[in-house]
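Chemist: Add 12 to the 1-based position in the sequence shown for my numbering, that's all there is to it.
What the hints contain is simulated information worked out from the structure, not anything from laboratory work. In this text, all values refer to a predicted model and were calculated from it rather than measured experimentally. Keep in mind that the hints are not guaranteed to be accurate.
Unchecked claim - As a list, the in silico DSS-like pairs of lysine-lysine whose alpha-carbon atoms are at most 30 Å apart:
(1) Lys83 to Lys93
(2) Lys69 to Lys93
(3) Lys101 to Lys56
(4) Lys141 to Lys67
(5) Lys83 to Lys178
(6) Lys83 to Lys67
(7) Lys93 to Lys141
(8) Lys101 to Lys141
(9) Lys67 to Lys101
(10) Lys69 to Lys101
(11) Lys56 to Lys93
(12) Lys178 to Lys69
Unchecked claim - Simulated DEER-style distance windows between Cβ atoms:
(13) Gly42 to Val155: 36 to 46 Å
(14) Gly49 to Asn146: 28 to 38 Å
(15) Ala158 to Ser134: 20 to 30 Å
(16) Leu57 to Thr84: 30 to 40 Å
(17) Arg175 to Glu71: 35 to 45 Å
(18) Pro128 to Ser52: 13 to 23 Å
(19) Ile200 to Ala140: 39 to 49 Å
(20) Ser52 to Leu162: 37 to 47 Å
(21) Arg169 to Lys56: 26 to 36 Å
We put the CB at the ideal spot given by N, CA and C, even for glycine.
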Amino acid sequence: MSGMAISLTERRNDEGTEAKGLDLPLFDLGTVADATGNFSIESKLGEGGFGPVYKGKLEDEQEIAVKRLSKTSVQGVDEFKNEVVLIAKLQHRNLVRLHGCCIEGEERMLIYEYMPNGSLDSFLFDEAKGWLLNWPTRYSIIVGIARGLLYLHQDSRLRIIHRDLKASNILLDMHMNPKISDFGMARIFGGRHGSKHQESRRNIRIHVSRIRHGWNLLREI
């Protein structure tokens with residue numbers, strides 16, 4: 013990615029205040045536009061509350077996924093900042109890797125590693141693909157998700173509750189290894205007293221409930 017991105021701490025432009033202090037590569041708009049065919053319909057992978065997601069390929073042939081903040085997204089700006097701040101500090105084989113971001117004019121984009129097998133829900137709820145989830149694969153996915161959560165809750169530099177863990181936010185690489193994605197609603201926890209501690213406990217209960225639901229889906233063969 014040399015020549016395509018610079019450190020946010022070195023950027024000197026109108027977006028300097030937004031980029032200040034973030035140790036994360038910054039992609040220029042032209043590079044991202046070229047990689048995605050100028051955000052063509054053919055490169056579009058899907059769309060969520062944040063905005064559309066595109067597949068792209070950099071000059072060095074590296075494949076990427078680009079989350080482009082929709083200008084009409086209500087919660088998107090806060091989620092964008094949240095993901096940039098949190099994911100930049102996280103590294104684990106079961107968390108999707110953030111390569112960098114683009115902050116230029118009104119554009120706000122997150123550049124991730126590309127996951128060729130898409131999201132887990134596309135296998136769970138598609139009969140044509142569900143047969144690929146044999147028991148060893150399901151078990152491997154469950155273990156991978158658990159490892160990612162353990163890292164977030166216990167072993168990372170920050171203590172983080174994802175708060176939106178679901179099958180559509182579990183991405184699968186070419187070997188069907190799971191990676192947790194979409195940290196727009198994530199929160200740092202660790203308070204021992206008062207409302208912050210109660211909020212953390214409530215978030216954990218929600219998390220556990222969703223994990224149980226996902227486990228039940230994965231057990232079905």
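Chemist: All hints, please: hold or fail.
Modeler: Quick rundown of the hints versus the structure:
1. Lys83 to Lys93: 15 Å, holds
2. Lys69 to Lys93: Holds. Lysine 69 to lysine 93 sits at ~24 Å (cutoff 30 Å).
3. Lys101 to Lys56: With a Cα-Cα distance of about 28 Å, the restraint between lysine 101 and lysine 56 holds, given a limit of 30 Å.
4. Lys141 to Lys67: 21 Å, holds
5. Lys83 to Lys178: 25 Å, holds
6. Lys83 to Lys67: 20 Å, holds
7. Lys93 to Lys141: 35 Å, violated
8. Lys101 to Lys141: 34 Å, violated
9. Lys67 to Lys101: 24 Å, holds
10. Lys69 to Lys101: Cα-Cα ~24 Å, so holds.
11. Lys56 to Lys93: Distance of about 23 Å is within 30 Å: holds.
12. Lys178 to Lys69: OK: lysine 178 and lysine 69 at ~27 Å, within 30 Å.
13. Gly42 to Val155: 36 to 46 Å: This hint holds: roughly 41 Å between Cβ atoms.
14. Gly49 to Asn146: 28 to 38 Å: 36 Å, holds
15. Ala158 to Ser134: 20 to 30 Å: With Cβ atoms ~21 Å apart, the hint holds.
16. Leu57 to Thr84: 30 to 40 Å: Violated: the Cβ-Cβ distance is about 19 Å, outside 30 to 40 Å.
17. Arg175 to Glu71: 35 to 45 Å: 36 Å, holds
18. Pro128 to Ser52: 13 to 23 Å: Between proline 128 and serine 52, where Cβ atoms are some 19 Å apart, the hint holds.
19. Ile200 to Ala140: 39 to 49 Å: 40 Å, holds
20. Ser52 to Leu162: 37 to 47 Å: 39 Å, holds
21. Arg169 to Lys56: 26 to 36 Å: Hint holds: Cβ distance 34 Å, inside 26 to 36 Å.
The structure shown violates the earlier hints numbered 7, 8, 16.
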